[in-house]
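Could you slot chains W and R onto chain Y? The hints should help.
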Amino acid sequence: MKELRRLPRDRASGFFKDWSIPRQLAGQSPFAKAAQSEQSRRLRPRLEDADTIGTSICPFCAVGCAQLVYAKDGKPIHIEGDPRSPVNQGTLCPKGGGTLGLMTSPLRVNQVKYRAPYSDVWEEKPLDWAMDRIALLTKQARDETFVEALPDGTVANHTLGIASVGGATMDNEENYLIKKLLGGGLGVVGIENQARI
Amino acid sequence: MPEEQPPSAEMVLRHIDGLLRRRPDRETRDFSAATRCFTAYRDHVTGRIRDKGSPPLSLERLAKLNAVLSALYAVHYPIGSPPWVLLEKARDSFAALAAEFSMAGEA
Amino acid sequence: MQLWSLADADCIVIMGSNMAENHPVGFRFVVQAKQRGATIIHVDPRFTRTSALADLHAPIRSGSDIAFLGGIIRYILVNDLWFKEWAMAYTNIAALISEDYQDPEQLDGLFSGFDEKGGSYRIETWQPAGEEEPSPLAEHHAQHHASTTETLFGARRMHGPPAEDRTLRDPNCVYQILKRHYERYTPEMVERITGCPRETFLKVCEALTKNSGPDKTGSFCYAVGWTHHETGVQIIRAATIIQSLLGNVGRPGGGVMALRGHVSIQGSTDLPTLYNMLPTYLPQPNATKPHHTLKELLKAETVPTGWWHNFPKYFISLLKAWYGDAATMRNDFGYSFIPKMVGDHSQQPSTLAASDGVIKGMFVFGQNPTVGSVNADLVERSLSKLDWLVVRDSFETETASFWKKGRLVQRGELRPEDIGTEVFLLPACAQAEKDGTVTNTGRLVQWHDKVVEAVGDSRSDLWFIVHLGIRLKRLYAGSQAKRDGAIQALTWNYRLHGQKQEPDALQVLQEINGRDLTSNKLLSSYQELRDDGTTACGGWLYCGITPDEDHNQSRSRKPDPPDGPGTHLNWAFTWPSNRREMYNRASADPEGRPWSEAKRLVWWDERQSRWTGHDVPDFEPDKSPDYRPDWSKDPVGMEALSGIDPFIMIPHGKSMLFVPSGLKDGPLPTHYEPLESPVRNILYDRQNNPVTKMWPRPGNELHETADPCFPYVLTTFRLTELHCGGLSTRAMPHTAELQPEAFVEIPPELAAEKELAHLDWVILSTLRGEIEVKAMITNRLRPFTIDGRVIYQIGMPWVFGYEGYAHGDTANVLLAIFGDANTSIHSTKALTCNLRKGRLAGPGGRRDA
Numbered sequence: 001m002k003e004l005r006r007l008p009r010d011r012a013s014g015f016f017k018d019w020s021i022p023r024q025l026a027g028q029s030p031f032a033k034a035a036q037s038e039q040s041r042r043l044r045p046r047l048e049d050a051d052t053i054g055t056s057i058c059p060f061c062a063v064g065c066a067q068l069v070y071a072k073d074g075k076p077i078h079i080e081g082d083p084r085s086p087v088n089q090g091t092l093c094p095k096g097g098g099t100l101g102l103m104t105s106p107l108r109v110n111q112v113k114y115r116a117p118y119s120d121v122w123e124e125k126p127l128d129w130a131m132d133r134i135a136l137l138t139k140q141a142r143d144e145t146f147v148e149a150l151p152d153g154t155v156a157n158h159t160l161g162i163a164s165v166g167g168a169t170m171d172n173e174e175n176y177l178i179k180k181l182l183g184g185g186l187g188v189v190g191i192e193n194q195a196r197i
Numbered sequence: 001m002p003e004e005q006p007p008s009a010e011m012v013l014r015h016i017d018g019l020l021r022r023r024p025d026r027e028t029r030d031f032s033a034a035t036r037c038f039t040a041y042r043d044h045v046t047g048r049i050r051d052k053g054s055p056p057l058s059l060e061r062l063a064k065l066n067a068v069l070s071a072l073y074a075v076h077y078p079i080g081s082p083p084w085v086l087l088e089k090a091r092d093s094f095a096a097l098a099a100e101f102s103m104a105g106e107a
Numbered sequence: 001m002q003l004w005s006l007a008d009a010d011c012i013v014i015m016g017s018n019m020a021e022n023h024p025v026g027f028r029f030v031v032q033a034k035q036r037g038a039t040i041i042h043v044d045p046r047f048t049r050t051s052a053l054a055d056l057h058a059p060i061r062s063g064s065d066i067a068f069l070g071g072i073i074r075y076i077l078v079n080d081l082w083f084k085e086w087a088m089a090y091t092n093i094a095a096l097i098s099e100d101y102q103d104p105e106q107l108d109g110l111f112s113g114f115d116e117k118g119g120s121y122r123i124e125t126w127q128p129a130g131e132e133e134p135s136p137l138a139e140h141h142a143q144h145h146a147s148t149t150e151t152l153f154g155a156r157r158m159h160g161p162p163a164e165d166r167t168l169r170d171p172n173c174v175y176q177i178l179k180r181h182y183e184r185y186t187p188e189m190v191e192r193i194t195g196c197p198r199e200t201f202l203k204v205c206e207a208l209t210k211n212s213g214p215d216k217t218g219s220f221c222y223a224v225g226w227t228h229h230e231t232g233v234q235i236i237r238a239a240t241i242i243q244s245l246l247g248n249v250g251r252p253g254g255g256v257m258a259l260r261g262h263v264s265i266q267g268s269t270d271l272p273t274l275y276n277m278l279p280t281y282l283p284q285p286n287a288t289k290p291h292h293t294l295k296e297l298l299k300a301e302t303v304p305t306g307w308w309h310n311f312p313k314y315f316i317s318l319l320k321a322w323y324g325d326a327a328t329m330r331n332d333f334g335y336s337f338i339p340k341m342v343g344d345h346s347q348q349p350s351t352l353a354a355s356d357g358v359i360k361g362m363f364v365f366g367q368n369p370t371v372g373s374v375n376a377d378l379v380e381r382s383l384s385k386l387d388w389l390v391v392r393d394s395f396e397t398e399t400a401s402f403w404k405k406g407r408l409v410q411r412g413e414l415r416p417e418d419i420g421t422e423v424f425l426l427p428a429c430a431q432a433e434k435d436g437t438v439t440n441t442g443r444l445v446q447w448h449d450k451v452v453e454a455v456g457d458s459r460s461d462l463w464f465i466v467h468l469g470i471r472l473k474r475l476y477a478g479s480q481a482k483r484d485g486a487i488q489a490l491t492w493n494y495r496l497h498g499q500k501q502e503p504d505a506l507q508v509l510q511e512i513n514g515r516d517l518t519s520n521k522l523l524s525s526y527q528e529l530r531d532d533g534t535t536a537c538g539g540w541l542y543c544g545i546t547p548d549e550d551h552n553q554s555r556s557r558k559p560d561p562p563d564g565p566g567t568h569l570n571w572a573f574t575w576p577s578n579r580r581e582m583y584n585r586a587s588a589d590p591e592g593r594p595w596s597e598a599k600r601l602v603w604w605d606e607r608q609s610r611w612t613g614h615d616v617p618d619f620e621p622d623k624s625p626d627y628r629p630d631w632s633k634d635p636v637g638m639e640a641l642s643g644i645d646p647f648i649m650i651p652h653g654k655s656m657l658f659v660p661s662g663l664k665d666g667p668l669p670t671h672y673e674p675l676e677s678p679v680r681n682i683l684y685d686r687q688n689n690p691v692t693k694m695w696p697r698p699g700n701e702l703h704e705t706a707d708p709c710f711p712y713v714l715t716t717f718r719l720t721e722l723h724c725g726g727l728s729t730r731a732m733p734h735t736a737e738l739q740p741e742a743f744v745e746i747p748p749e750l751a752a753e754k755e756l757a758h759l760d761w762v763i764l765s766t767l768r769g770e771i772e773v774k775a776m777i778t779n780r781l782r783p784f785t786i787d788g789r790v791i792y793q794i795g796m797p798w799v800f801g802y803e804g805y806a807h808g809d810t811a812n813v814l815l816a817i818f819g820d821a822n823t824s825i826h827s828t829k830a831l832t833c834n835l836r837k838g839r840l841a842g843p844g845g846r847r848d849a
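Chains Y, W and R supply the protein sequences, listed in that same order.
So the first sequence is numbered by the working numbering: it starts at 1 and just counts up by one.
So the second sequence is numbered by the working numbering: it starts at 1 and just counts up by one.
So the third sequence is numbered by the working numbering: it starts at 1 and just counts up by one.
Derived coverage of chain W by chain R (criterion: at least 3 residues anywhere in the stretch with Cβ under 8 angstroms from a Cβ of chain R; other residues may be distant):
(1) 17–29
(2) 64–73
(3) 76–86
For lysine-lysine, the following PhoX-like pairs were computed, each having C-alpha atoms within a straight-line distance of at most 25 angstroms:
(4) Y:K113 <-> R:K404
(5) W:K52 <-> Y:K139
(6) W:K89 <-> R:K482
(7) R:K405 <-> Y:K113
(8) R:K633 <-> R:K299
(9) Y:K125 <-> R:K385
(10) Y:K72 <-> R:K500
(11) R:K405 <-> R:K774
(12) R:K385 <-> Y:K113
(13) R:K500 <-> Y:K125
(14) R:K405 <-> R:K385
(15) W:K64 <-> W:K52
(16) R:K34 <-> R:K210
(17) R:K450 <-> Y:K72
(18) R:K754 <-> R:K774
(19) Y:K113 <-> Y:K125
Because the hints were derived from the structure by calculation, they are not lab data.
We treat Cβ as the ideally placed atom computed from N, Cα and C, and that holds for glycine.
With the rest of the complex left out, here is chain Y:
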């Protein structure tokens, strides 16, 4: 809820006029207008400010709760359960309910961090540089560990020199392309995710 700021002077003068308890003592229902104050009248749901709403799926467990993501000026401002979903009907657990905290955590890494061999510090590096370097290292590791045939002549066309772990926290399309590029393109067999842990 968004609170509109008021000056102390306004607060003092408005206090008695606004104080709801005398009205409630006078017999008005505390569940209706008698509980309302000038302040609460002015409160607006912060979701009114959202300029974008999108549907998402909770990033944690495999129940697959649907979420509504509200954003303003390109920044997420609120995430809640999607009431239409037959899975969660608007509900979320403490993790899912905290998804906004995941996206806006001060600990999020926004730049590439690089650690040179034997170094004791991280360095920030441009993304393009890192991608070029990773591509080169991948090619080198593959070329130097590739096996075309086993010692008995059986065709293998694989490399044991590169491994990949992870995927269960990611999208289907991403998993598909990891297997396609690393497996189908480069011959990596050691591709594994969280399904076995």
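Frame of chain Y, contents of chains W and R only:
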């Protein structure tokens, strides 16, 4: 990092021969020792080949060397029974390759 | 099954899961079932919130699950409480097994066919009586099994109906074998092994059997509390035997619900980032099997009967999706480009191999192995042997920073200047910062939108892999080498959008869906796939998810109204064919009528001569219940399955109570003690599962049975507020505040023995390592009386590490690398350890005492 002395081809062969003789089934320490020795040898050879600019012929030989490692892996982490015959072939292949690397100045 | 189907159950057994705390929103349906009168049972060593909301809590010692479930099977058989009409029609209960089969009851804990030296089983004696000998190929590769499909689905050449004795009197029929096998799993025996009082056990049996039958159904729910044992597959098998005896499969409120842990753990299994499979359950070719050419592979892996007979269409369509025009009939559709595996390349052996220098470079995508994988110190050692490591995550995980802040560095065992690993940490997008689909635990494939732009250099993993692919294709463009043919041929023309050049996720989903290459039109069903190279499909089970250019079913958001039917066919997409319940033919009786009004799902519509109902029928739509194969005509594929064979993916079409092939550790679940256990196996001399995958070595030693140095049972678990080994929730301010530090749950009786008070520091130790945590003294864990002896069990959350806002020692330091024979899944639920009061200190210690 000081460079450690790379293992000789003879040391690698001793490990593989030891495995073939004992055929340890449920005890994997020996495999680990053999693999460590092998990968140290392989990495040394790889470094030499890289220094030569990785000529295609050397990469082909390196692929055959890595095939020996695949055989060692297949026996160490088998699905079903360990394919010992494959490791026997790998042993002979390694003996021949080691001579080639040595001749080419890559080991 | 679908989570919402749990609301239709009359009895729910939650076992191997703390569902209320770890799948809280899924647990809504359990609560709904309870409100409608269902009996809820929680079988678990700890009394958790799941137990608190259940009608009955049955405590069992970790690792004794098969004794408990075997006891239920015995109870059902001895009291003749099975659903006879269902099980006689839809299971192999009447099948005759080879006379040479011998049971653990005869061989003191071993099945026939055990090769003591090789540590593996030969499966010949487990085969159906009268089946033909395996093909010459199979004989040649008997020890490896002829094919992957055979090991997965129990395939054999079938030239007639399986031999049966429908009177069930033959001593070699499955019914009689089951009875003998579980004869000694009496309530008394269950109590001696598991520690669960026999009265409680019997209440579970009564509730489950009373709530199963034509008008009632029961469900099991499990999570990694079942899978994380070296007998994990057999524990799940035991539940499927119970459910198949009680007729609780393919029906509303019936089934075995796997509560999986990650948002797309199902999707990453379907479109697998796994070593032994290609997309949607096609086998990864294996160099030690007859897979040398496409022809050989298709011959070995195409089962003669059942739905998997379509295998060649799916395999060749995948090759067309990956290699496009370079995949031609002449070059086996590029089959040689697919790498062949040579062994177990799963994560545990890979970790050991990396520590021996086998692996040079590693990608880590949104996983945190230094916290989430067993023997965490060994994991760190293996990372330190790599040449390079690429971590993609939104946070600086313990895996990314192991060289700087890892436990080995903190202890002084390694210094950064000794570690040659080149490390890249590339920031990754959150879900709402990218488009794509995820698949939930009920196979529900749901699209999510990109709502906001990620900050800084954060990119989707799709961006990373597409742009890495573009660079690699460029690097290999000029190569003449044959070995580089695969990367050159790989289809990689992905549309890129915007300033960041993000790829189009829908285009990738459409590639998975598949196209008819003659018209370039999207396919609407896998039934349209062909084996002549004229269709391309990246994952046949997902076919139909994008049936038109402007129709993305995974993005559909129309739930059913409150008055039904409740299968929500217009909410997203479920594979296969948008079908919500697999094997739902079993929801109707052999004649095709619903078993009862209350449990109606699909049925045979006589007038239209079609299957119809609330769900997409899992059967050939016009195959009459009366259909019987004509064996004189040598039928293949679906022709060989009759109108009463619901399990169409299994060659015989029947649920397998007894599994002749497909399992490495026996055709029936049998109780073995966990590899590390404080007690001897009461049932057999054979203490452990004899084919467990073990790799003992320095730093990965195991404890002896009943080792007095490690007297306590140790289990690990998760917390509502903190998600797995991923740093995600430890870096989220409010969830971290709710669970700020690590602890170990200790029963008060043990605490009294150790003179421990609440919040005292304790040191937990195993041969793998030592950690320190605060003690939580709690009645949630009770001492167990196992065969007259008091056994203490303790439990610790495994979700902690040193990064983020919530800190604590990593429980996985204590665990060892070994695995289930079938899956290589690690064991985290039943090990042994020691415990003492105090803190870690001294030379190399991290903290001041």
